[in-house]
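Since chain G is already given, all that's left is putting chains W, H and L on it; use the hints.
There are 4 protein chains.
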Amino acid sequence: MTDLPISAELLAENNKAGEAALANDYASLGEQLDRRGIDIDAITRKVASFSVAIPSWGVGTGGTRFARFAGPGEPRGIFEKLDDCAVINQLTRSTPTVSLHNPWDKADPAALKAKGDQLGLGFDAMNSNTFSDAKDQALSYKFGSLSHADVAVRQQAIEHNIETIEIGKVLGSKALTVWVGDGSNFPGQSNFTRAFEHYLDAMKTVYAALPDDWRVFTEHKLYEPAFYSTVVQDWGTNYLIAKELGPKAFCLVDLGHHAPNVNIEMIVARLIQFEKLAGFHFNDSKYGDDDLDAGSINPFQLFLIFNELVDADHRKAPGFNPAYMIDQSHNVTDPIESLMASAIEILRAYAQALLVDRPVLAAFQDSNDALMANQTLKRAFTTDVGPIIAKARLAKGGAIDPIGTYRASGYRARVTEQRPSSGGSSSGIV
Amino acid sequence: MTDLPISAELLAENNKAGEAALANDYASLGEQLDRRGIDIDAITRKVASFSVAIPSWGVGTGGTRFARFAGPGEPRGIFEKLDDCAVINQLTRSTPTVSLHNPWDKADPAALKAKGDQLGLGFDAMNSNTFSDAKDQALSYKFGSLSHADVAVRQQAIEHNIETIEIGKVLGSKALTVWVGDGSNFPGQSNFTRAFEHYLDAMKTVYAALPDDWRVFTEHKLYEPAFYSTVVQDWGTNYLIAKELGPKAFCLVDLGHHAPNVNIEMIVARLIQFEKLAGFHFNDSKYGDDDLDAGSINPFQLFLIFNELVDADHRKAPGFNPAYMIDQSHNVTDPIESLMASAIEILRAYAQALLVDRPVLAAFQDSNDALMANQTLKRAFTTDVGPIIAKARLAKGGAIDPIGTYRASGYRARVTEQRPSSGGSSSGIV
Amino acid sequence: MTDLPISAELLAENNKAGEAALANDYASLGEQLDRRGIDIDAITRKVASFSVAIPSWGVGTGGTRFARFAGPGEPRGIFEKLDDCAVINQLTRSTPTVSLHNPWDKADPAALKAKGDQLGLGFDAMNSNTFSDAKDQALSYKFGSLSHADVAVRQQAIEHNIETIEIGKVLGSKALTVWVGDGSNFPGQSNFTRAFEHYLDAMKTVYAALPDDWRVFTEHKLYEPAFYSTVVQDWGTNYLIAKELGPKAFCLVDLGHHAPNVNIEMIVARLIQFEKLAGFHFNDSKYGDDDLDAGSINPFQLFLIFNELVDADHRKAPGFNPAYMIDQSHNVTDPIESLMASAIEILRAYAQALLVDRPVLAAFQDSNDALMANQTLKRAFTTDVGPIIAKARLAKGGAIDPIGTYRASGYRARVTEQRPSSGGSSSGIV
Amino acid sequence: MTDLPISAELLAENNKAGEAALANDYASLGEQLDRRGIDIDAITRKVASFSVAIPSWGVGTGGTRFARFAGPGEPRGIFEKLDDCAVINQLTRSTPTVSLHNPWDKADPAALKAKGDQLGLGFDAMNSNTFSDAKDQALSYKFGSLSHADVAVRQQAIEHNIETIEIGKVLGSKALTVWVGDGSNFPGQSNFTRAFEHYLDAMKTVYAALPDDWRVFTEHKLYEPAFYSTVVQDWGTNYLIAKELGPKAFCLVDLGHHAPNVNIEMIVARLIQFEKLAGFHFNDSKYGDDDLDAGSINPFQLFLIFNELVDADHRKAPGFNPAYMIDQSHNVTDPIESLMASAIEILRAYAQALLVDRPVLAAFQDSNDALMANQTLKRAFTTDVGPIIAKARLAKGGAIDPIGTYRASGYRARVTEQRPSSGGSSSGIV
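Chain order of the listed sequences is G, W, H and L. Under the numbering used here, the residue at position 390 of the first sequence is numbered 390, and the numbers go up by one with no gaps. Under the numbering used here, the residue at position 222 of the second sequence is numbered 222, and the numbers go up by one with no gaps. Under the numbering used here, the residue at position 258 of the third sequence is numbered 258, and the numbers go up by one with no gaps. Under the numbering used here, the residue at position 3 of the fourth sequence is numbered 3, and the numbers go up by one with no gaps.
Only chain G is shown next, with the shape it has when bound in the complex:
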């Protein structure tokens, strides 16, 4: 039996308050969609079957190089993080898995698994960390990890990744996500070719350690923490990695890791076409890798990405099997609230994309009717799919109004008492 953090009574009570309005709005929307030839219940069922993972680190307050302003009741370890993740899933019913970060989330795997079972949470892709130095680590990653000039450092990073796989095996994970901060801050500091050779060699050893039913996801990032070059700078390099490694290697798309103006939905289409899309790290950004809440800055872009995903699903693109995770930094909000809101935005984009009339769109495309092709997408995007998402949530036992219910529950105040602050609210680096 799962034991969830928010009281069932409170949830029921809050849902009761919103049920009539939801029923009304859902009926009106259903009628409208029916006129457009769309069965609202079929859409709702699809939305209900969609889920996105929460990264364990997401429930802590983030920061910048200038400062970190701690929030109240921050989780002090992986077990408390799981509690917070359980709140998110209980209320949104769309985030049933958690993605762990080695070494931060190290704990007795059996205890972790038991805690997950108790909260109704599973474990998603495992994340290694070679972009910072762990306590008592023998060699530093200051100048790189899997691509370091020194073979001993590369070996240490390889072993860390293999250890991460081992932990994941116990927890039932089926994928390893590798992101490295390797790169350079000065022209000349790094030999691009040698560094990439080192990286590929090291990753081949990690790849060889993957169980048969695992996949490895590599992640590109244009810059930061390295500021002149990064070893895996874009999807082109990421594709080369996946190709060199083999059929279990795939390319992750983090929405914030691209150059300005880049057409991300097109990258998604290319990776699907060449059967190398691993999945997503969802977030949003305005300037760089801002790690803002998914859908908060450019919701139409999120929709266009889902338009590619739904299209691939619709035409049964070979090898299409993306993994979804939120990856944000919450500096000014309660992370639980931000993650719930983001999960909803992701479902919104998915629901909107499901409304696109694909045969009609294809016909406009084939006849070069650019305006009507665009209108076809816009009609789906401008539809208020809120009732569909709420209905899907409700049907699965979640909240009609997750944020309102969460606030009403007093969860944050409760954990703030239970989790005394570690002290210093500011740990910026200047």
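Check the hints yourself; a few may be wrong.
Copies of the same chain are indistinguishable here, so a pair counts whether it falls within one copy or spans any two.
[Stated by the list, open to error] Heads up, simulated DSBU-like pairs for lysine-lysine below, C-alpha to C-alpha not over 30 angstroms straight-line:
no.: 1; residue 1: K174; residue 2: K316
no.: 2; residue 1: K248; residue 2: K204
no.: 3; residue 1: K396; residue 2: K115
no.: 4; residue 1: K276; residue 2: K46
no.: 5; residue 1: K276; residue 2: K248
no.: 6; residue 1: K396; residue 2: K276
no.: 7; residue 1: K46; residue 2: K243
no.: 8; residue 1: K276; residue 2: K115
no.: 9; residue 1: K243; residue 2: K16
no.: 10; residue 1: K135; residue 2: K46
These are calculated hints, taken from the structure and not from any lab test. Treat the numbers as computed from the prediction; the structure is a model and nothing was measured.
Chains W, H and L in isolation, oriented as in the chain G frame:
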């Protein structure tokens, strides 16, 4: 009596087909908004009172430096352009004015005015052109116009602007829009300071020629046609111009004329605060000054801009009186269709912004509740305001479905017969 | 015997005036380099052996979508273009080949070859054009060419490319360069996957028509003339193309075709490593694809690119055999002058890169001495290699001061008389 | 008597080794410049008179939000920071002042002054810090400081700035630099107009506390730590601030705080023209506010900025009196080395700009000879001015080879023993 291009019968017939569905959707939305404390009819009335100007050049097919692919039935002169503008206004009922371009639209002012009256069209801001050389022009603008190193060229450009004011006076226009292509392609080519001094001096002479009830709008542009520097490169320089010229000078915001990532809505807020916002040239872009259809790439940004405008109106910001115009380049669509679709997108953003609960938003802002402040905006944006805009259009005699009605009318085929192509479909420059 | 456009006497006279100073500067630099362990004459010989192609269209004046301001004495056809190219090569002795553009440069191949022989010019890669419509072309490329939804248009574009190969065979060219303007202006207009499938299918047919000793170069471009998506948008897609086509297919790097901030030298390194670098289209840019003169905006970036090329040459990278061409748009200068200046800037970057002490650099890289690795590059870059380039030019019969000699020759005034202007100075599109 | 950290004997010995080569190179360059009509000694004197301040925080190792990798021998407080600054100035003789940061550098002002006198260091602009929370601070800056919605937080930030002025008065500083991290991460979080009103009101109080002979410098930044909007986002807003505050208020230009592609040298020209340029925070960047070493990524841009400064000086622009400081984050190098290298790059750009033949440049500009105007700048930039800078350094008692001499001195090893590490090498935030 106006004499409109689309048959009233056809319009009525097409509207009839959509009326029941619209009534239904409007009623449902009204009920939902009522629950949110919003009177839908008040919103509809505000939307109905909003209008945006069409630039005369917008109804022609655009092109790039690589090629121009002519469309069928392109207008061959200002009178045919006015016919096309009349279609847009007849069906959308939100574009009652046209903005002319001197010297391209030169014609007998009385005949122009009569034509406008016949079509129910007025004349908006007048645009001068010193970024290309007109036939038989004495001196070339190859190296600049109002900022040219040679005083004779500057004088010619000044006189052209004054002539543009003179034409506008007859037509009932009340504003002059000045955009120059002046700048440089090489570091060193231009002395930034001297060029700007020349520009300011020249503009002071133009300013002195403005009638008392006129305003002058200057427009900044980061780059293109000049590719290393432009004389009026950003809103900072544009503000300095307006400040130097005087109380009748204001700064135009063209959505495509900014550096990547720039927060345009914040620029709008600053210009409102310092009482120097002239208004807008609406379009959208993904990369540079792409001149794509308004709202087609980043509709949330358009909404955020309107959020500032509605906020300024709401708090009765001193001197707030923006002029609205669409300014796009239609390369792959029928310009009439694109302009109708864009006018609708602009109204959509306006309607969405009207739904924002401003006292609630202010309270969230004052209590640093970032998440709920954002949700307040998002709730307005995700509302499907289509029924409001359609109802406003219908109430004023327009079409429920402007594009469908236009296509049904056969207008394009008709004018294609009447307006034989001038020949060469391709006039790219390589 | 070649018959060159600039008088040998004038050239000799101009060189005489500069010889003493050059000898002095060369000797001083030689002494300094000797102290740094570098043999100046070895560098000079390498510089003397470097060449870069001129595109036939480069000697005409460029323009923008706003206007084109014609220059005096513009060449009216391919034979006059070759005359202008001969001036550039005569004075710089580094541009012995011309790259033609089909269909603009269509002419009797035998006559072209004879003219080239007479001027001492060879023919480089052939360029097809499917981004604009040629006169009397059956089907339009308005909505694409090799990726068009209609198979008939794709077939026409294939045939045009095959025709281009045929012309090149006669002229002694060994490569076809394919750049398409295909893409979309609206989300939804194009199905990314289908369009790319069409493109790949079409290119496979073109590829099959390549003679055994030919290569095909494909060129990516982030945007323009398409403004929402382009079919070959970045090096990732370009790499996929080269991989799909086969061993004769390679990826061109045009310096202006990337997203803002992108690290181009790293892309160059990747393409070298995976043996798919075709070569370069040199130019410079500040904002978008500005097509400014090579080295005029960011000369350090040009140096960093050559640093990769010299490094690849130094370590004898397998399959390393890049083709070099200048590809610029000259809107405000005499194209002959700009092309001469650009050829010199390219040689400058090459000469600077040759000065990098590679074993020392590698040692700093291996020991993570980021500062000294950077200083090693900077020392090469800050060296004034002007005397080396001038000496290399002089040794091959060129001018110490190409631009001064060109101006002294009166060539432009002479051809201005011979080539009456076609009339309209302005052909902008608005 | 000053007591400098590097032994005079070692310095003399190292200089001796390089003197002959320097004399040779200086003489050759002198001869070349003489041919170009330039007196090398006059240039050297100007270079020798130029100085740039070091920020106290610059001598510590920087980090990113992901990690900080401590370097050996990091200074543990302001007195050790001053020691490190003294090394930089002793060897480069171009950084005689230090800019302090309140509250980090709080100490007995008399002791600070004595320490500065002992090391031959003065105190430059004072920096306040309201972008992170100091220990035991009453109210948090999590949601802003001078623009905070709560008047009590604003008051606290005002008082902190006034305190910073008070400290500076004792130390002989004459300027206060104000940079705030205020802004928002979500659309809607902040009301742009109210926030800016708050900021202006607060700054007016700070301004009123300035001594008569002080100036206040405000600094704009496009983004980070706030990621959707910042209160002082660009030079346009910064100019408005300086204008609103009064004649003692000026605008700082940090090279990394602009949108991609922005023409920074033009902003410098505008601020000079309108008499509001405060000065610079020098650094370089490739992607965002990367805070890389000055001149390491785009040295030509640095030159173009100095071209504006030298031009303003040359024409005696009214009110022209810029303050210069380096502001970088050193993550992978020894900060002392990076700061010495950066000071040299800044002097290099200044020396190159001094070589521009300004009357000749003006003539090319006036005759629209874009190519020769550009060549005039490029000729100055491609000159190897290394000997001039080294000679200027040597003449003032510094090192011909500052980095080589520093390494030979064993300073870092010495202080590493004296300054035991505080422990944790990694303090990243995820």
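Verification of the hints:
Proximity of K174 to K316 under the C-alpha cut-off of 30 angstroms is restricted to the intra-copy arrangement: shortest distance 23 angstroms within a copy versus 42 angstroms between copies. In this assembly of identical chains, K248 and K204 lie within 30 angstroms of each other by CA distance both inside one copy and across copies; the values are 11 angstroms within and 29 angstroms between. When the C-alpha separation of K396 and K115 is checked against a cutoff of 30 angstroms, the pair qualifies only within one copy, where the shortest distance is 21 angstroms, while the shortest distance between copies is 63 angstroms. For a Cα distance limit of 30 angstroms, the shortest separation of K276 from K46 inside one copy, 24 angstroms, qualifies, whereas the shortest one across copies, 43 angstroms, does not.
For a Cα distance limit of 30 angstroms, the shortest separation of K276 from K248 qualifies both inside one copy, at 9 angstroms, and across copies, at 25 angstroms. In this homomeric assembly, K396 and K276 never come within 30 angstroms of each other (Cα to Cα): the closest approach is 32 angstroms inside a single copy and 52 angstroms across copies. Taking the shortest alpha-carbon separations for K46 and K243, neither the intra-copy value of 32 angstroms nor the inter-copy value of 37 angstroms comes in at or below 30 angstroms. Proximity of K276 and K115 under a CA criterion of 30 angstroms is satisfied in neither setting, with 33 angstroms inside one chain copy and 51 angstroms between copies.
For a Cα distance limit of 30 angstroms, the shortest separation of K243 from K16 qualifies neither inside one copy, at 52 angstroms, nor across copies, at 56 angstroms. Neither within a single protomer nor between protomers do K135 and K46 lie at most 30 angstroms apart by alpha-carbon distance, with minima of 45 angstroms and 51 angstroms respectively.
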